[in-house]
Amino acid sequence: MLESLEFIVRILPVLFQGLLITIQLTLGGIFLAIVMSFAAGLGKLSKFFPLRWLCIAYIEVFRGTSALVQLFWFYYVLPFLGMDITAFQAGVIVLGLNAGSYGAEVVRGAIQSVPKGQYEAAIALNFTPLQRLWRIIIPQAVVSMIPPMGTIFIELLKNTALAALVTLGELTFVARQIRDDTLRTTEVFGTILIIYFAVALCITAVMRTGEWWFSRGLDRGGIR
Amino acid sequence: MSDSTEKPPIIRFQGLEKAFGDLKVLQGIDIDIPEGQCVSIIGPSGSGKSTLLRVLMTLEEPTGGRVEVEGESLYTMKRNGEEVPASRAHISRIRRKICMVFQHFNLFPHMKVIRNVTEAPIHVLGLSKREARERAESYLEMVGLSDKLNAYPAQLSGGQKQRVAIARALAMRPKIMLFDEITSALDPELVGGVLDLLREIKESGDMTMLIVTHEMKFARDSSDRVLFFDEGVIREDSDPKRIFTNPEHDRTRQFLDTILSEQA
Amino acid sequence: MEWQWDWALVGHILPELARAFRVTIAATVFGFSLALVGGLLLTILRRSRWKIISWPAHFTVEFIRSTPLLVQLFFIYFVLPIQLPDFGGMFTSAFVTGVLALGLHYSSYTSEVYRAGIDGVPKGQWEAAAALNMSRGRTWTSVVLPQAIPPVLPALGNYLIAMFKDTPLLYAISVAEVLTAAYQIGSQRFQYVEAFTIVGALFLIVSLISAWLIRRMERWTALPAQ
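Protein chains in written order, with my numbering: chain A, 1 to 224; chain B, 225 to 488; chain C, 489 to 714.
Just to be clear, a hint being listed does not mean it is correct.
Covered by chain C, according to a simulated footprint, are these stretches of chain A (three or more residues, beta-carbon under 8 Å) [stated by the list, open to error]:
1. 7–16
2. 58–65
3. 115–126
4. 159–166
5. 169–179
Honestly, the hints are just simulated from the structure, not real lab data.
Yeah, the Cβ is synthetic: ideal placement off N, Cα and C, and Gly gets one too.
Model the full assembly from the supplied sequences, consistent with the hints where possible.
This is the structure:
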């Protein structure tokens, strides 16, 4: 037991290197996912049908195929089409696009759940369509977006491990190497499972704080 | 077409029609409203009263006829001498003269009271933050809510919410104000205060007011003119004294008898 | 480099990919069957009156749900053959390991779904069953579950699709499923584009059809309002 602990402490610095890359992947992916969620979620509500159609195609393709297949496609196929891409870039892009396709539906649903009266009041006060969205509708919709977005971000974190399969030296990849060198599976994978769990808890905590922040003053019961 | 010496009416509806699918809600409304008039619109529910206000506010598009504001068509504009559907900018320019207060207040729940009132003056009218704040404070004082500037709407009673909504609309300084059943969602004991506020607004300025209401006493005592809506048409357009004492139509009489006995 | 889509190649590799796709489907079916049972087990444990049972069960669900399937897969793949007696080489089979990992991971999701379904049964139903002197077992089988399961069938269906889309992870332990086959084709003949694009299309088609079926199912599983 004590010997195991010593072993874990010894490998922690190496695991930490991998964790740094995992965190970069996660943050980069989350950033792209937020951008794509809003772009495609709002685009799907557009009256301009080519834009709407494009957004629906993006959402369906990325929700309908496997994240790992998407990663392999970006990493192995794109160079054939003349685009060179590193494993890290492929990771961030696929994580972001994949999570964004789920997030788009969250954004769309939240925007549509804002009561119609809010749009009407915004028209009566002569706000422009962009002001209506940005000042009135989105700030109210954000509160109901946050919990499902938290779930999506945790799925994104879990998917960062897939980047190990395209040889990116993130946490799972590093752990796999240590395991192959030492054959101490339980300690190595047990440790990184706990690390992933801890990062997931951090994401949950941040999302809770965000939810509290955005819902100040809002009475979710009697919202008008 | 109008006489050159006389100003056109501030609002003119011509053959206005609105249908939702097969349901004809407005079936040819013709009416002129001169500037500064305070008009009460009464009638059974479903008779098209609210729809008329919503068409004027551009919340619903008419399916036929014309709406003019100060002689300018709202839904069409002239381009190369031809009438074409109005652009967004055209509608927005005319809509600036109009504002509306809703039955369910529609306050912005994510903003404090003061920001509810300053948001549009700053971002629509282009006022500076200081000007907007001064203006908002004066209107909130007028509606008796100077002590609630930093409350969120959820912390207010129904009557207080409606006062904020009125202040929010007044702060836009519109020429035309539309009030859509603004006391219907309030507890009975709060109705009187809001109606007093309406009277005060009427006395204090020369705003044109269209008020859809079920408060007959208010319609009779405080408005310049009463329109009785029934089945999508205006059945009676008259002086408030006459319509309540001696209505022309049986339908008007029936409606008034029923509603007055309820409100007695 | 000029590259062109090669239809002749597509015709050539399609049968190979289709064969491997059967492994993908098999892993999905076995894995999800395991998840349906495992989820029920976890749900029962979580509803236990004893905190010493319900709390660890709750923690297990949260832990499995918050950590990567790939790591769990590696864990099971490398640990089971060492720690457990080998039932006739069963746990050295990568396919069995993969199915176990999928089943375990998705048990945490199905358990959440069952819980939502059971919480959706009105308290009055339990009280009525008690008033009729039904045994605990009978209450579950004839009152609670028949009302709890139908409304959550679409949610279970969505997790079935999700698991289907996670089966390519078995590539990591060399199960001969469709992504592994595509990768081999790609690396042997340097034809990644066609191979991976076909795999993507296969997943897309199956997911879209399943999603459409689930939407139809949602219509007739909605119970009439109480």
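Inset, instruction - List in ascending order the numbers of the hints, as given earlier, that are violated by the structure. - result: Per hint list: 1 and 3 violated.
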